[in-house]
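My request is simple: use the sequences and hints to build the entire structure.
There are 4 protein chains.
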Amino acid sequence: MVNTIGRKFSITSFGSSHGKAIGAVVDGCPANLPLSEEDIQIELNKRRPGTSSVTTPRNESDQVQILSGIFEGKTDGTPIAGVVFNKDQHSKDYSMFKDTPRPGHGDYAWMEKYGNYDYNGGGRGSGRVTIGHVIGGAIAKKLLKTRNIDIVAHVTEIGNIKSKEHDFDTIKENVEKNVVRCGDLKAASEMEELILSKKAEGESVGGVVEVIAKGIPAGLGEPVFGKLDGEIANILMSIGAVKGVEIGRGFEVSNLVGSQNNDEYYIENKKVFTKTNNSGGIIGGMSNGMPIVARIAVKPTPSISKKQDSVNICEMENEKISIKGRHDPCICPRVTVVAESSLAIVLADHMLQSGFIHPSNLDKQ
Amino acid sequence: MVNTIGRKFSITSFGSSHGKAIGAVVDGCPANLPLSEEDIQIELNKRRPGTSSVTTPRNESDQVQILSGIFEGKTDGTPIAGVVFNKDQHSKDYSMFKDTPRPGHGDYAWMEKYGNYDYNGGGRGSGRVTIGHVIGGAIAKKLLKTRNIDIVAHVTEIGNIKSKEHDFDTIKENVEKNVVRCGDLKAASEMEELILSKKAEGESVGGVVEVIAKGIPAGLGEPVFGKLDGEIANILMSIGAVKGVEIGRGFEVSNLVGSQNNDEYYIENKKVFTKTNNSGGIIGGMSNGMPIVARIAVKPTPSISKKQDSVNICEMENEKISIKGRHDPCICPRVTVVAESSLAIVLADHMLQSGFIHPSNLDKQ
Amino acid sequence: MVNTIGRKFSITSFGSSHGKAIGAVVDGCPANLPLSEEDIQIELNKRRPGTSSVTTPRNESDQVQILSGIFEGKTDGTPIAGVVFNKDQHSKDYSMFKDTPRPGHGDYAWMEKYGNYDYNGGGRGSGRVTIGHVIGGAIAKKLLKTRNIDIVAHVTEIGNIKSKEHDFDTIKENVEKNVVRCGDLKAASEMEELILSKKAEGESVGGVVEVIAKGIPAGLGEPVFGKLDGEIANILMSIGAVKGVEIGRGFEVSNLVGSQNNDEYYIENKKVFTKTNNSGGIIGGMSNGMPIVARIAVKPTPSISKKQDSVNICEMENEKISIKGRHDPCICPRVTVVAESSLAIVLADHMLQSGFIHPSNLDKQ
Amino acid sequence: MVNTIGRKFSITSFGSSHGKAIGAVVDGCPANLPLSEEDIQIELNKRRPGTSSVTTPRNESDQVQILSGIFEGKTDGTPIAGVVFNKDQHSKDYSMFKDTPRPGHGDYAWMEKYGNYDYNGGGRGSGRVTIGHVIGGAIAKKLLKTRNIDIVAHVTEIGNIKSKEHDFDTIKENVEKNVVRCGDLKAASEMEELILSKKAEGESVGGVVEVIAKGIPAGLGEPVFGKLDGEIANILMSIGAVKGVEIGRGFEVSNLVGSQNNDEYYIENKKVFTKTNNSGGIIGGMSNGMPIVARIAVKPTPSISKKQDSVNICEMENEKISIKGRHDPCICPRVTVVAESSLAIVLADHMLQSGFIHPSNLDKQ
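Protein chains in written order, with this note's numbering: chain X, 17 to 381; chain D, 17 to 381; chain S, 17 to 381; chain F, 17 to 381.
These are computed hints drawn from the structure, not numbers from a lab.
For identical chains, the list gives no copy identity; a pair is met inside one copy or between any two copies.
Straight-line C-alpha distance at most 30 Å; calculated BS3-like pairs for lysine-lysine:
no.	residue 1	residue 2
1	K291	K336
2	K90	K287
3	K322	K287
4	K90	K340
These figures come from a predicted structure and were not determined experimentally.
What follows is the structure, given as structure tokens:
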């Protein structure tokens with residue numbers, strides 16, 4: 017069951033860009049949660065292509081249908097199948113890449129693993145599979161909201177431009193105000209400019225996306241092989257273009273001494289807090305009640321129009337390819353909602369595992 | 017089963033520094049692999065404390081016993097239980113920290129999750145649980161060696177000092193020549209100096225550990241929720257002090273354009289290679305046949321003798337603590353073997369999942 | 017993930033009789049298996065109601081659609097989602113049973129577990145969920161056929177009438193010739209008569225279904241907690257109306273002595289066989305190469321028109337109910353295909369786990 | 017992880033009769049449960065050989081040691097490793113059976129699966145592996161007792177002699193009063209006589225064991241692939257000599273009509289009961305609050321001194337064998353505690369999954 021993730025709250029992903037549909041089955045959502053197709057659609061719209069200058073001009077409506085698990089407007093405790101029918105799955109011709117892997121894509125590994133069925137994994141290797149993540153994430157978010165857990169993701173770096181905004185509410189507000197989904201409006205406009213200039217050169221550009229969750233109780237995560245940070249790292253690293261995951265200060269800790277990095281405790285209003293949040297809300301594999309902060313490194317979109325060296329694996333000879341068509345010059349803005357969804361899925365799973373959310377207490381807070 | 021990791025080749029970890037023993041049950045190792053306690057002991061000795069100036073002076077012999085799964089010097093296909101009896105589990109008194117979480121440790125989250133049974137999780141939260149990882153890793157490595165897969169981890173950064181060595185064989189040779197387990201001998205001596213100077217200040221220091229595996233066939237990893245990079249990120253992030261995981265170029269990709277980051281293909285001797293290895297050997301969640309390269313950010317040891325702010329969670333008042341005793345001024349050298357073991361466990365699991373290793377073909381290469 | 021079963025070949029079931037659709041996602045089917053909707057439809061038609069005098073007269077067409085996992089007429093190695101849209105999910109009114117559990121149904125346990133969302137679990141507790149099993153089973157059967165494994169289930173007992181037929185091929189032929197799906201034509205007509213007489217009384221009747229698989233290689237099954245007989249017992253006992261599972265001689269072994277029950281070995285044409293098959297092809301939790309024979313006890317359909325004692329769980333008072341409508345007087349004939357599907361799913365999973373079927377050898381026999 | 021069973025409360029089994037030790041790691045037991053080695057030893061003594069005329073005269077002390085998971089006399093929430101060192105693992109010579117499978121044992125399947133490493137699987141295929149089940153079961157029972165759930169197993173049939181006792185408390189008392197562990201003292205002495213007469217003939221005899229659990233809340237079990245009856249069937253069928261599993265009326269339902277088999281409801285003291293318990297406490301895959309009743313068919317011990325036909329699988333020729341040594345003439349008495357343990361493990365797992373037992377409420381009832 018390598019297309020399923022989660023213990024109590026789990027997602028089984030299916031579908032590809034070449035088939036009839038893409039979707040997910042969400043297992044473990046308690047009964048009695050109000051849920052509509054609109055709840056999911058709002059999230060799907062954030063990853064939908066064709067909505068701005070910095071995403072691919074391809075236009076797909078990506079309308080979700082819920083096939084099961086809902087009764088009279090509420091979840092009924094049984095699996096929720098959500099599905100998006102592909103509008104025109106035959107519109108793109110990948111046959112030219114049948115024997116010639118595109119640099120930066122999973123094509124070659126896919127060919128070695130599965131053979132050439134579904135050319136180049138174009139179908140299942142496609143970013144469209146994250147529709148399944150977002151369906152699961154939308155339900156997870158709704159469930160977490162019953163416990164006042166809120167999540168936001170934003171683009172913090174594109175090339176060498178960095179966001180300076182760290183306030184959760186400001187970020188949440190600002191991401192809706194710019195096409196880059198950056199929490200810092202000044203940085204956002206510089207980022208947009210950079211992306212468009214790279215697009216004009218037939219290039220793409222990478223970046224960093226940060227995802228923050230607040231309202232987390234202490235004690236989520238199961239040492240030693242169900243740790244919260246381990247499972248967050250797994251699901252985030254499994255997003256197509258991601259090459260790195262950090263929690264809290266992340267790689268900066270390598271250049272700190274103990275007294276700089278340790279988060280000291282204090283008490284306020286009979287509650288325990290840490291003065292700093294270098295740990296990013298997770299320590300010893302468990303949440304400590306502070307906001308969870310994770311960052312992911314997103315590589316530049318591999319599909320570029322520049323000519324590149326590749327090989328024909330049947331003829332076993334070198335070959336040059338150029339990838340025509342419309343591509344995202346920077347995938348970061350669309351990755352934000354996938355990152356939010358992924359974190360939400362892991363958190364919902366652990367809220368259920370730890371009993372903070374339980375079928376019998378769903379309506380009590 | 018939150019103390020078990022892996023599908024076909026799995027590790028169930030048990031034990032704490034307070035109990036009688038620490039160990040692991042390894043399930044899924046095929047029959048007919050030659051295996052002795054010595055094979056495991058060699059690896060355990062690499063993480064054993066008390067062996068150099070840069071580790072804690074505590075001395076523990078950590079002798080492993082194999083309780084099951086071996087018949088006449090070879091594995092017999094049934095679970096292998098390996099156990100290290102704690103020499104003197106009552107030697108340390110943690111009762112002073114019973115209500116006062118140590119900054120940078122998992123104590124507070126542990127208290128919130130489990131209550132105070134086993135003060136501060138000192139037992140299970142201890143770095144000693146990685147003995148289980150190393151037992152599993154030693155067996156995994158031996159299994160991988162039947163397919164000529166070799167793994168090495170080395171310290172690449174301590175503070176602002178960086179290793180410049182990238183050659184697998186040189187690294188493998190050099191790590192045995194210096195106490196820091198750095199692959200670059202010049203950097204190693206600077207690192208040692210830095211660690212000792214921080215130790216003298218009652219401080220600790222963080223760093224980066226890189227782990228490399230070569231000889232990997234293309235096609236390991238199961239999209240979309242059994243991806244090789246996701247599972248590597250999970251197990252590496254689950255090592256106690258780790259706050260970040262990178263594959264290949266990692267966070268550098270955020271500042272690259274597509275043509276810089278894509279690894280172009282070429283053919284040599286009828287085999288496919290990439291000119292660069294920015295992907296770190298994994299693309300689309302699957303291995304591509306190039307060496308797998310991962311790096312982890314290791315935080316400075318949280319136990320420092322400097323006075324720190326904490327709280328008494330019973331009295332609910334602020335309190336200062338100072339952590340006496342002998343601690344590792346830098347955990348990186350001892351983390352190297354845990355990182356090697358962790359990567360080996362994931363790779364052995366996928367070699368079995370993909371059928372590259374199978375009970376019926378163990379003796380054939 | 018309590019709606020998922022299987023390790024390498026797994027089924028995630030979703031949907032209820034009240035929602036839009038019912039279906040399953042099949043994960044782990046190797047690429048390159050020819051598969052069409054027709055392959056699945058043939059199996060679904062065997063469990064479809066309204067097809068004979070001994071099943072409910074309700075008529076549902078149960079047309080399957082494959083949403084994913086197929087490319088150019090063959091599986092592509094990614095999850096296969098199969099779905100049957102419910103024709104008219106609002107046609108039945110269960111609201112009268114909202115607070116009054118029907119004897120013999122899961123209603124009361126369902127109410128206690130989930131509350132009253134989806135009245136009486138009528139949706140998910142319905143026998144219609146086995147559509148998901150049959151979708152998965154149809155694919156499993158097709159996969160097993162590539163290794164010449166064939167499966168048949170037949171009704172061996174209804175009330176006190178017993179089938180006397182034991183020959184695989186005769187059974188396979190005969191089940192298609194009578195509405196009871198009994199392998200013995202003489203017994204079949206007596207069974208039909210008995211069912212119709214009970215139906216006339218407003219009653220229902222139980223029976224026994226036997227399922228046989230031939231062509232199984234020795235060595236399937238993973239001791240000690242992945243045993244073949246344990247997993248077959250699990251999936252068969254999980255079919256709604258089943259109250260007992262036997263392998264081989266089953267409960268008869270309690271009245272045998274060792275020399276009667278042991279299957280002695282002999283050699284013919286350089287192959288090992290047993291003289292008898294009391295073990296039903298499974299011993300020590302593993303297949304031994306002989307046909308696998310399992311039998312299940314199927315209870316009489318609980319929906320009967322006779323007046324029965326129940327309770328109103330809101331008012332907490334006794335209440336009488338009578339269940340009107342059209343029901344199967346005997347569920348055994350329709351259970352046969354579910355039993356075949358269930359066994360096929362477990363066998364396909366173990367054929368993949370053991371490497372007898374592997375993505376790389378699918379087209380080789 | 018085919019040697020692990022359970023979701024929240026799981027058992028990982030290891031060891032064989034040929035190795036140093038046999039044991040289990042229990043994961044998921046909440047912190048704060050009082051637990052001693054004595055608690056486990058009491059249960060192990062029930063399956064210990066050499067204790068009566070109807071078991072093998074081999075004498076093994078089977079002393080358990082707890083290696084982890086206990087702190088100051090209570091569980092600490094981390095994995096509990098229990099181990100029994102084999103007193104003299106080299107005492108028995110199985111080499112004569114190296115190439116010659118014993119009829120009725122798993123030897124042949126084991127040879128085909130694993131090759132001859134560990135001759136005939138004598139080690140892992142041995143009934144001694146159920147020591148792991150009993151270690152897990154002892155902890156599960158203690159956990160269930162905090163919720164007033166009590167379990168007893170007794171022998172109900174040997175040959176054609178049947179127990180007539182159905183009262184839980186009487187059974188519980190009587191099983192300690194006779195060597196057969198039958199709940200009906202009159203039947204017990206007849207059973208003992210029968211076993212001894214078969215023993216005198218160099219034969220063995222089969223029987224039926226019933227296991228009953230009372231105090232179960234309604235709502236345990238997770239439709240559709242985590243059903244309580246399915247998981248009970250799995251673990252019971254996985255006990256070495258078991259060939260059939262029944263819940264409630266079991267195979268008798270095949271000869272009942274609906275109105276006979278349906279359990280009608282009534283209210284007493286504001287609680288819901290059923291007049292009969294034909295369902296054996298499980299319906300729709302969930303507990304309904306009535307006692308859970310399961311029965312297993314136990315085959316006659318395959319090791320008999322009578323000469324039997326076998327084959328030499330290396331020479332590929334027919335061969336006769338006779339199994340000397342001391343064997344159980346009837347395994348049923350010793351299976352009772354394994355059946356209790358197995359049921360306890362599944363129930364503890366579901367009590368945790370459903371939240372009836374939760375780390376935070378362990379001390380509250």
